[in-house]
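> Here are the chains, one letter per residue:
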Amino acid sequence: MTESAIVDGNEAAVGVAYRLSELCAIYPITPSSTMAELADEWSSHGQANVWGHVPTVIEMQSEGGAAGTLHGALQGGALSTTFTASQGLLLMIPNMYKIAGELTSTVFHVAARSLAAQGLSIFGDHQDVMAVRQTGFALLSSGSVQEAHDLALVAHAATLRSRVPFVHFFDGFRTSHELNTIEVLSDDDLRALVPEALVREHRGRALSPERPFVRGTAQNPDVYFQARETVNPFYARTVGVVQDAMDALVERTGRRYGVVEYAGHPQAERVVVVMGSGGETVAETVAALVESGERVGVLRIRLYRPFPAAELLAALPATARVVAVLDRTKEPGSEGEPLYLDVMSAVSEAVSAGRRDRLPVIVGGRYGLSSKEFTPAMVAGVFAALNAPVPPRRFTIGIVDDVSGTSLDYDPAFDIEPDDTVRAVFFGLGSDGTVGANKNTIKILGAQRGVHAQGYFVYDSKKSGGTTVSHLRFGPHAIRAPWLVTSAGFVGVHHAALLDSLDVLAVARSGGVILLNSSLAPDQVWDSLHRGVQDEIIAKGLRLYTIDAGKVAREAGLPGRTNTVLQTCFFAISGVLPREEAIEAVKSAIRKTYAKRGSEVVTRNEAAVDAALEHLHEVAVPGHATTQRVPAPPVPLDAPKFVRTVTATMMSGRGDELPVSALPVDGTFPSGTTAYEKRRISDRVALWDPEACIQCGNCVFVCPHSVLRSKFYDTTQLEGAPADFETAPLNAAGLPGARYTLQVYAEDCTGCGLCVEACPVHPVPGTARRAINLADAAPLMDSGQSRVAFFESLPQNDRARVDFGTVRGAQFLQPLFEFSGACSGCGETPYLKLLSQLFGDRLTVANATGCSSIYGGNLPTTPWATNAEGRGPAWSNSLFEDNAEFGLGLRLAADLHTSLARRRLRELRDEIGPDLVDEVLSSDQIYQVDLQAQHERVQEVMRRLADLTGPQAEDLRSVADHLFRRSVWIVGGDGWAYDIGAGGLDHVLASGRDVNVLVMDTEVYSNTGGQSSKATPIGAVAKFASGGKAAAKKDLALQAIAYGSVYVARVAMGADPQQTLRAFREAEAYDGPSIIIAYSHCIAHGIEMKDGLAQQYRAVSSGHWPLVRYDPTLRDRGLNPFQLDSPRPTIALRDYIYRELRYRMLRNADPDEADRLLALAQDAVNQRWAVYEDMATRSATQFIPDARKRSSWT
Amino acid sequence: MDLTTTYLGLTLRNPVVASASPMTQDVDGVRRLVDAGVSAVVLPSLFEEQVRREEVSDTMLQEVHEGSFGEARNYFPDSPTTSLGGVRAHLSLVERAVQASEVPVIASLNGSSRGGWTEIATALAGAGAAAIELNIYAVPGDTYTSGAEVEKRHLDIVASVCSAVSVPVSVKLSPFFSATGALAQAIVNAGAQGLVLFNRFVQPDIDPVRIAVVPNVHLSSRTESRVPMTWIAILRNQIRTSFAGTTGVEEPEDVAAYLLAGADVVMTASALLRHGPQHATHLVTGLEGWLAEHGYDSVNAVKGLLSVGRHQDAEGYERTGYVAALRKARQTYGSLT
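Residue numbers (the working numbering), protein chains in the order written: chain Y, 1 to 1194; chain Z, 1195 to 1531.
Derived by calculation from the structure, the hints in this document are not laboratory data.
Be aware that one or more of the hints could be misleading.
[As the list claims (entries may be wrong)] Partial chain Z-side listing against chain Y, Cβ under 10 angstroms, derived:
1. 1245
2. 1281
3. 1310
4. 1447
[Unchecked claim] Straight line, CA to CA, 25 angstroms or less: simulated SDA-like cross-link-like pairs of lysine to any residue:
5. 1014(Y) to 1256(Z)
6. 372(Y) to 509(Y)
7. 1497(Z) to 1406(Z)
8. 1346(Z) to 1256(Z)
9. 1090(Y) to 1406(Z)
10. 330(Y) to 509(Y)
11. 1090(Y) to 1313(Z)
12. 587(Y) to 1256(Z)
13. 1090(Y) to 1407(Z)
14. 592(Y) to 1385(Z)
15. 592(Y) to 1256(Z)
16. 592(Y) to 1312(Z)
17. 1090(Y) to 806(Y)
18. 1346(Z) to 1398(Z)
19. 587(Y) to 1313(Z)
20. 443(Y) to 1256(Z)
21. 1090(Y) to 1042(Y)
22. 551(Y) to 1434(Z)
23. 1497(Z) to 1444(Z)
24. 587(Y) to 1346(Z)
25. 592(Y) to 1308(Z)
26. 1090(Y) to 768(Y)
27. 587(Y) to 1308(Z)
28. 1090(Y) to 1256(Z)
No residue lacks a Cβ here, since even glycine has one placed at the ideal position from N, Cα and C.
Only chain Y is shown next, with the shape it has when bound in the complex (with noise of 0.2 angstroms):
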C-alpha cells in the first residue's frame, strides 16, 4: 500500500536526494535550508540510503565551497548532490561549468529564488535558475510538493543515464514552504529507477591511481571548440532519458509527467506557456475556464534545458492563435525572458522551415517575482488580454505598472475553488505558537481517511512581533491551489490588536466563524471592535467566538504559548471532525509530539486543551454597530508623504496595491522610517524610577530597541511639560539646577527586559525591584504619547558637553539606530545602537546579509536615522559574501574624494581663505571636539564655494563633504565573518586601509535558524552540528593580531560596558584597519533573552569569551599592544554553558558526549588563557610591527 505524508516541497524532495545520495555538501540558505538541515539530521541520526548506508553530510563555508567539494566528491565518483537557491547556486556556476563540462551525473535542488537586484527577496521566482541555464546542467521544474518528490527521483535516474547533471528546481516558499499530502516513493521505487549499475558505472568514471588519467587540462584554440562540441549526443539524448524515466514512474505509481505537458481544450485558440507552480494555477483555472465553454490551454513546461523543442511543438495545439509565454523572471534589457524566447524560437523556427503551418501570435509576460502572488483571477486576465484584437506584445500580470504601462487588468473577484473544500486563515504574532499549532493540525487532519490537506505560511520581515499568516486548505480531493486562500470559512485572529492594524476579516467568507483570542471577558469583546470590523461582522453574517487563550496557557503552565488553546478552539468550532473525535486527535499529536520531551510537557499541554474547552465562549453579535471607534492611522498624519503613502500602505499589509510609480526605480529608500511605526508589541514595557535611579546610563547602554533615551536639560525647559512627564535633578557636578530625564518610549519597547537586568539599583531590599522595572504597558501607551513629544522638543545635548569615554555620558548621545524589527532583547543591536550614537552623523555601514541586513534594512521601516540636522548613518547590503570587500570599496572611494578634495581645496586656497584651509588640511579630526570645529569648517568652505565658479571650484563642492571624516563600518554577524566572508575579511584587514569591521558573534548563523558556523563552540549543539559542534571555536582575533597592523578588540557588553565603549572609540580611532568581535547573545543560544547579559558575563568568567584589545600604536611607543582586559577566569566552563540549551541538549541527549566534549572544551579554554597570559607580559618588540608608512585617508 501507498504510504502517504504531509511534507513540504523541501522535505519531498530531500526525502528522495537523501536516500539517492552518498554526500551531501551543504551550505544554509533561505528557502532552501530545510533540505540541507533534514540531511544533516538523519545522517546524525545514522538513518541510511537506499543502499544502506549512511550519506556523509558536510557543511561548506559558502556554497561556492560546497561546489567544490562536490565537484571533488563527484570526480572520487561519490553519488553527491546539494541544496541551494538564489545567490547561492550563484557561487556556485563555475563548478556548474565544470562539472557539466565533465558529464558528470549529479542533482542540485533548488528552492527557487529572487535574486539580490535593487533589494534583495528571500522569496520565490526564477531568476536564480534562469541565472544557470548556460551552464549545461539540465533543469528539471517541478510545480507542487508532489512533483518536487517525484521528479526528484526522475532527476538523479535521469543524470546517471544521461551523465548530464541536473538542477531539479521548485519554487521557492510558495512549493518548497508549502504542505501538501504527497504519496511517498518507497525504496523500491527509488532503487528501480536508480539501479545500482548506474551508480558503479558513475564510480567507474572516477579518479583513481589504478587506472590513472588526467581530466581538467587546459586547452588552446587548435582542440578546445571541437571538445566543447563533444558532448551534443549526450543533451541530444537527455529529454528522451528525462521521459523515459517519467515513464518508468508512472508504471511503478500511476503518476504521469511529461517533458512538456500540455491541459485544455483540444482545439484551444488560446494557450499559455508556463513553468513551476504557476503551471498549476494555470491549469486548474484553464479546466474551470473550458468547463465554461473557453477554447483555452496551458502548456506546462518540465524540462526547461536540454529545451524539448520537438516535445514543445507535438504539444502545442495546431489551432493556438495565441500564445503566451509566461515567465517568473525579468531579464532587464532582454527582447524578451528566457522561456519566451525559447518558445518563440522553437514555434518561429518551426514555421520558417516548413514544419509548422502557422505562426500563432506569441507574447511574452511576467508574473510572481518573488512570490507575488499569482492566482487564478491573474490567470483569466491573461487569457482575457489575449482575446484582445492586438494581444498586448509584452505585458506583466498580478502588478499595477504605471509607469511602462505593462500591466493587464484582472478581476481580483474570479474564484475556481471548490465548494467542498475547506478554507481557514489564522493571524498570528511569531513566538505564539500558531504556525506550529497549524502545521499540527495539518498533519492530524491529513492523517484522516481520504483527506486531503494543504497549508502555508506567510510572514512579515520582523523578528519580534512579527504577524503570521496561516493558510489552510482541507478536502477530499488533492489540493492543486498554490496560491493564498482568499475566502475562508474560518479566521482565527490569534491577537486582537491585529484587528486595529490589518484588514483581517476581508478574507472572512459569509457565514463564517471568526475565533478571537482576546483578554476581555467574552461580554466586553463586542464593544472592543472598531467600527470596521463590527460593520463587516454584520454585514457577512459572522459567528463571533472568543477565548483568553494567554490566560489558559497560563493557568496550564504555559505562559505565552496559546498555540494549543487555540488548536483546540478550532477544532472544536470549526466542525472539521466531529468534536470529540477531534480533541482526542489533538491529544493524541500532543502526546505523539511531546512524548519525547517529559511527561510534564505532554500534562501541560493535554491540561490546556480541556481547559480551552472551558474558556470559549460565543459572542453574541448583535444587529447593528455599537461603536464609532476608527483604529489609528497606521503613520501619524505628519510624517513625510513617502511614509504616509508607500510606507503606511506596506505597514497596513497592502503593499501589492502600490503601482510601480511609488517604488524608488534604483532602490533608494528614505532613513529612520522605523519611528513612525508604533508597534506596542509586548504588554509589559519599562517603566522608569525617576527617584531611585542613580542615572548610571547602563540600561540606555544595553536596550537594544533604543526605546531608553536621556537627557539632561535646564530646569527652565520645563515649561510646557505634560503633568506627568517624569524628571529627576541631574545627578552631576558642576550643572546645578539641571534636570535629568530617562524617557522610556513605551510604543516602541519589546519588554525584553535586559534594562531591568542591567541596573544596579536595588531599591526596596529583598525584592526584585529595581530603578527600572516592566509594568503592565496598556496604562502607559497612550499616556506615554505626550511624554515623548515633550521629551523630542527638548534639546539633543551638546556631544561636547557630554563625556562619552564613560557609559554614564554615552547615554547622552542620540542613537541613529532605533526601534529595529530585531527579537526582542537581541544582544546584536546595541552594539549598533553603540556605534551609530558614537559616530553616527559620519558614518557610513556596510552590511553583510543576515540577521542585521534584515531587522537594519528590511522593508517596510528600516531602523538607521538621522537627526535633527539630517546627518546620519549611510547603509547599504551588497551580498553576504563580499562584505568585507564592499566596505574597503566604500573607503577607498571615500579615500579617493578625500585626497581629490584636499588636493582642490590646495588650489583654491587663495580664493576660499588661506587660514580656513590650513585649518581644515591640517585637522586630525579624532576627538570630538576637533571633528565638530571641523565640520563647522567644511560648512564654511560650502558657503565660500558658492561664490565661486569653475572646474575647480565645481569638483571641490562635489566632494567636499569628504574634508570631514568618515567613519566607514563593515558589520556582520559569523557566518559572515568566519566562514563566507573570511577570505575577503582577512584580506581587507591586510589591506591596511582605515576600515573598521564589526564583528557580531552569535556563534551561529542566526538568521537562517542557527546553523553551526566556524564560531560555533566545542560543544554547542547547531544545526550542522547537531551531535555537538567538535571542532574549537576559531580564534578570529589572534588571526587580525598576526598582521600587526590590525586593531583588534573582543568585547562583550553584558561584562564590562565600558571595555566595548573603550574598544569602539579606539578602533574608530585607529588610522588603520580595526576589527571588534563581539559576544552577542541571541535566541538560538535557547535562553530566555532577559539573561543574555548574564551570560555574557559568564562567558567572560568562564574564560569562554577573554576581553581583549590589541593596539598597534602601542608598539609603536613601546608599550606592551596586547592588553588582556579580563579578570582570570572565575568559573568552570560548565557553569556557564549548561544554562544554555544549546548545550543542554547535548547533555540530555547524548552525555558521554558532552562530558567528553566540555572536558575538551575546558582544556582549549585553559590552554588559550595561559597564551593570552604569555602575550599580555610581552615586550612590544615581541610583537609583529606595523609597517605601513603613512595614514591611509590622506
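The hints should help you fit chain Z onto chain Y, whose structure is shown.
For chain Z alone, kept in the frame of chain Y given last:
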C-alpha cells in the same frame, strides 16, 4: 582486619560510603572516591520536579521562536526520540558510574509525582544502580499539610517504589517528625531495607550588610552527628533494617562512634569536600587503626555496642544523656538556671 559490612543486603568492603555531593556528579569524581577507598557511592539526587520543570522550560525555549520568521523554521536541530526526557542525562551518569566503579553505586531519587517515583526508580535500577535511596522531601514552610499526611505520603512512596524495583530501597529521613521511631518502623514495614539518618535541609543565611538572603550551603560539622547517632542507637535494636549514619563524619573516630551507635555504614560528603577524595583513605585506614588499637578484629564486632539494648528503655537512654549533658554544661558554663 575485617572491615566488611552489610548494608541493604550489599556486602561492602568497609563502612565508609561517599554520600551525594558535587564530587559524585561526574564519573571522574566517582572514580577518585572509589580509588580512595570508599565502599559505595551515592550519586546526587535526581530531583524529579526540577527535571520536569527543566523539560517544560527547555521545550518552551526550543519552541518559542519556531515558525515565527520566514527564514528559519526553527532554531535547533531535532534531537533523537527518548521517552525519558530530562531524566536521560542522569541515567547516563548512573550507567557510567556503575561501569567505572567496582563498588556499588546507589542512586538517589527525589520524586514529585507518584508515577515519577516508580518510573524513574525503575529506570535508575535498570541503569545499574545497586540500590535506590529515596530522598523524600516535605516543604518545611508548608503550613497546610498535616504530619499525618506527610507520613502517609512517605509510606505510599516507599510501598510503590519497593513494589516496582527489585533492588534494595533505602529512605533518607528528615529529623523533624513528631514520632520518628514509629515512622521509621512503618517505613521498614512498607518495604524499605534501610534508613539513612538524617537529611539536612538547606538553611539559607541572611546577610545583614547586603540585606539579602544568601542561599549558600554550609558543610556539616562534627557536632551535628549527635542527633542521627542518637536515633541510630535508639532504633538499632528495635527495627530490623540497615542503618546509615550521615552528617558530621570528619575523622575515623566519628566513623567508629557511628558504628558503636549501631550504624552499618557512615556516609560523608562534607569531609570529602573539605579535604578532597583522598580523605576517604584516611577514614578507612584510621578506622582500621582504631579497631586494632581497641582490640577489635572486625567492624561487625563493634556495630551497635553502644546502642540501646532491646530491653533497655529508649526514653531512659535519652534522659540519661540529657541529664549527663546538663551536668557537663554546668561544669563548663556555670549554672544554666
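> Are the hints correct? Go through all of them and say.
Going through the hints against the structure:
Contact between residue 1245(Z) and chain Y, as hinted, is supported at the beta carbon level, the nearest pair being about 7 angstroms apart and thus within 10 angstroms. With a cut of 10 angstroms, the hint placing residue 1281(Z) at the interface with chain Y holds, because the nearest CB-to-CB distance is about 8 angstroms. The restraint placing residue 1310(Z) at the interface with chain Y holds, with a minimum CB-CB distance near 7 angstroms, inside the 10 angstroms limit. Annotation: interface hint on residue 1447(Z) violated; nearest CB of chain Y at approximately 35 angstroms, more than 10 angstroms.
Between the alpha carbons of residue 1014(Y) and residue 1256(Z) the distance comes to roughly 22 angstroms, so the proposed pair stays at or under 25 angstroms and holds. Taken as a hint, the residue 372(Y) and residue 509(Y) pair is honoured in the structure, with Cα atoms around 23 angstroms apart against an allowance of 25 angstroms. Taken as a hint, the residue 1497(Z) and residue 1406(Z) pair is broken in the structure, with Cα atoms around 45 angstroms apart against an allowance of 25 angstroms. Taking the CA atoms of residue 1346(Z) and residue 1256(Z), the gap is about 39 angstroms. The hint is violated against a cut of 25 angstroms.
For the given pair, residue 1090(Y) sits about 22 angstroms from residue 1406(Z) by alpha-carbon distance, which is consistent with the 25 angstroms threshold. The hinted pair formed by residue 330(Y) and residue 509(Y) fails the criterion: a straight-line CA distance of about 36 angstroms is larger than 25 angstroms. Taken as a hint, the residue 1090(Y) and residue 1313(Z) pair is broken in the structure, with Cα atoms around 35 angstroms apart against an allowance of 25 angstroms. Distance hint between residue 587(Y) and residue 1256(Z) is fulfilled; the C-alpha atoms sit about 20 angstroms from each other, no more than 25 angstroms.
Only pairs whose Cα atoms come within 25 angstroms are accepted, and residue 1090(Y) paired with residue 1407(Z) is accepted, the gap being roughly 22 angstroms. Using a Cα cut-off of 25 angstroms, the hinted pair residue 592(Y) and residue 1385(Z) is violated, with the two alpha carbons roughly 36 angstroms apart. A C-alpha spacing of about 17 angstroms is found between residue 592(Y) and residue 1256(Z), which places the hinted pair at or below 25 angstroms, so the restraint holds. Only pairs whose Cα atoms come within 25 angstroms are accepted, and residue 592(Y) paired with residue 1312(Z) is accepted, the gap being roughly 22 angstroms.
Among the hinted pairs, residue 1090(Y) with residue 806(Y) is consistent with the structure: their alpha-carbon atoms are about 24 angstroms apart, no more than 25 angstroms. For the proposed pair residue 1346(Z) and residue 1398(Z), the alpha carbon gap of about 28 angstroms is over 25 angstroms, so the pair is violated. Proposed proximity of residue 587(Y) and residue 1313(Z) is supported: the alpha carbons are some 22 angstroms apart, at most 25 angstroms. Between the alpha carbons of residue 443(Y) and residue 1256(Z) the distance comes to roughly 20 angstroms, so the proposed pair stays at or under 25 angstroms and holds.
For the given pair, residue 1090(Y) sits about 36 angstroms from residue 1042(Y) by alpha-carbon distance, which is inconsistent with the 25 angstroms threshold. Using a Cα cut-off of 25 angstroms, the hinted pair residue 551(Y) and residue 1434(Z) is violated, with the two alpha carbons roughly 53 angstroms apart. For the suggested pair residue 1497(Z) and residue 1444(Z), the alpha carbons sit about 19 angstroms apart, so the restraint of at most 25 angstroms is met. With a C-alpha separation of about 33 angstroms, the suggested pairing of residue 587(Y) with residue 1346(Z) is violated against the 25 angstroms cut-off.
In summary, the hint linking residue 592(Y) to residue 1308(Z) is supported, as the alpha carbons are separated by about 22 angstroms, within the 25 angstroms threshold. With a C-alpha separation of about 14 angstroms, the suggested pair residue 1090(Y) and residue 768(Y) falls inside the 25 angstroms cut-off, and the hint holds. Of the pairs offered as hints, the one joining residue 587(Y) and residue 1308(Z) holds, with about 22 angstroms between alpha carbons and a cut-off of 25 angstroms not exceeded. The straight-line distance between the Cα atoms of residue 1090(Y) and residue 1256(Z) is roughly 16 angstroms, inside the 25 angstroms bound, and the hint therefore holds.
Taken one by one, the earlier hints fail for this structure at numbers 4, 7, 8, 10, 11, 14, 18, 21, 22, 24, listed in ascending order.
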